[in-house]
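Sequences and hints are given; from them, build the entire structure.
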Amino acid sequence: MSPQEAKKAIDYAFDVAATGAGASFIVKFCNPLPISDAISQVVTMKVISDDIASIYGYKGLPGLTTFTGKLLGAGGGVKLASEFIMPLPLLGIGVSTIAAFGIQVSASIVFIIIFELRQKGSVPDDYMKTASPSDIVYLLRLSVEVIGDVLRGKDRVEAVSAAVEKFQNAVSNSILPESNLELLAEEPAN
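Here the sequence shown stands for residues 58 to 247, where the numbers follow this note's numbering.
Note that these hints are calculated values from the structure, not bench results.
Heads up, the beta-carbon is just placed ideally off N, CA and C, and yes, glycines get one too.
Treat the hints with care, as some may be off.
Okay, the calculated beta carbon distance ranges per label pair [unchecked claim]:
#	residue 1	residue 2	range
1	Ser189	Asp212	29 to 35 Å
2	Val201	Glu62	21 to 27 Å
3	Arg209	Lys186	33 to 39 Å
4	Arg209	Asp182	31 to 37 Å
5	Pro190	Lys103	32 to 38 Å
6	Gln61	Thr122	27 to 33 Å
7	Pro119	Ser229	22 to 28 Å
8	Val228	Gly151	35 to 41 Å
9	Asp108	Ser218	28 to 34 Å
10	Glu62	Gly210	36 to 42 Å
11	Asp182	Gly151	39 to 45 Å
With a straight-line cut-off of 30 Å between C-alpha atoms, the simulated DSBU-like cross-links for lysine-lysine are [to be verified]:
#	residue 1	residue 2
12	Lys127	Lys186
13	Lys177	Lys127
14	Lys103	Lys186
15	Lys65	Lys103
16	Lys64	Lys127
17	Lys177	Lys103
18	Lys211	Lys64
Printed below as a string of structure tokens:
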């Protein structure tokens, strides 16, 4: 993918995650019950995954919806933890909104990393279906590193490219089955 296309996908991820967090804020403001914004979060993530897949030419990719569900499940613990603060006026809504943004942008970056890896031939075509929970944890960890790098001023495309390279290095330094990468024990390169 060209740097312009990668930048488009990354900018889209940040913009839509911010929009999704705004939707979460509105829902929470109108109905501060725990997990009242769950439906808006699921819908937002489905839209994000489909749109990023389209940017990379993978619209209708088998396993995309299931993988999106796995990412939401992994991020759901963070979102659920943010619900404990909901009884505190405004603070609870703010924390819930920040958690929603964090989950959405992290998941978006995971999709970008996977699609970049797929274009390079570094993951099998069925990776979305066969990714293990440890793969997802590792990818989420890489996405958090990307967010940190971007917040510290690093170019978004460079940050994602570095994460893709870290994933490739972790795979090449391990003896892994091709369709089920077990990366939990791998530490990201510094």
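Okay, the hints, checked on the actual structure:
1. At about 31 Å, the CB distance of Ser189 to Asp212 agrees with the hint of 29 to 35 Å.
2. A C-beta distance of roughly 23 Å is found between Val201 and Glu62, which places it inside the suggested range of 21 to 27 Å.
3. In this structure the hint that Arg209 and Lys186 lie 33 to 39 Å apart at CB holds, the actual value being about 35 Å.
4. Evaluation of the 31 to 37 Å hint for Arg209 and Asp182 yields a pass: the beta carbon distance comes to about 35 Å.
5. Between Pro190 and Lys103 the beta carbon distance is about 20 Å. The supplied range of 32 to 38 Å is therefore violated.
6. The hint said 27 to 33 Å for the Cβ distance between Gln61 and Thr122, and at roughly 28 Å that hint holds.
7. At about 26 Å, the beta-carbon gap between Pro119 and Ser229 stays in the expected band of 22 to 28 Å.
8. Taking 35 to 41 Å as the suggested C-beta distance range, the pair Val228 and Gly151 conforms, at roughly 39 Å.
9. Judged by the Cβ atoms, the range 28 to 34 Å given for Asp108 and Ser218 is violated: they are separated by roughly 21 Å.
10. Separation of Glu62 from Gly210 is about 23 Å and departs from the stated range, judged on CB atoms against 36 to 42 Å.
11. Remark: the range hint 39 to 45 Å for Asp182 to Gly151 is upheld by a beta-carbon distance near 41 Å.
12. At most 30 Å may separate the alpha-carbon atoms for a hinted pair to count; Lys127 and Lys186 meet this at roughly 10 Å.
13. At most 30 Å may separate the alpha-carbon atoms for a hinted pair to count; Lys177 and Lys127 meet this at roughly 23 Å.
14. With a CA separation close to 16 Å, the supplied pair Lys103 and Lys186 stays within the 30 Å bound.
15. A threshold of 30 Å between alpha carbons decides the hint, and for Lys65 with Lys103 the separation of about 18 Å falls inside it, so the pair holds.
16. For the hint linking Lys64 to Lys127, the alpha-carbon distance of about 25 Å falls within 30 Å, and the restraint holds.
17. Restraint check for Lys177 and Lys103: the C-alpha separation of about 24 Å stays at or below 30 Å, so the hint holds.
18. Using a Cα cut-off of 30 Å, the hinted pair Lys211 and Lys64 holds, with the two alpha carbons roughly 13 Å apart.
Hints 5, 9, 10 from the list above are not met by this structure, while the remaining hints are.
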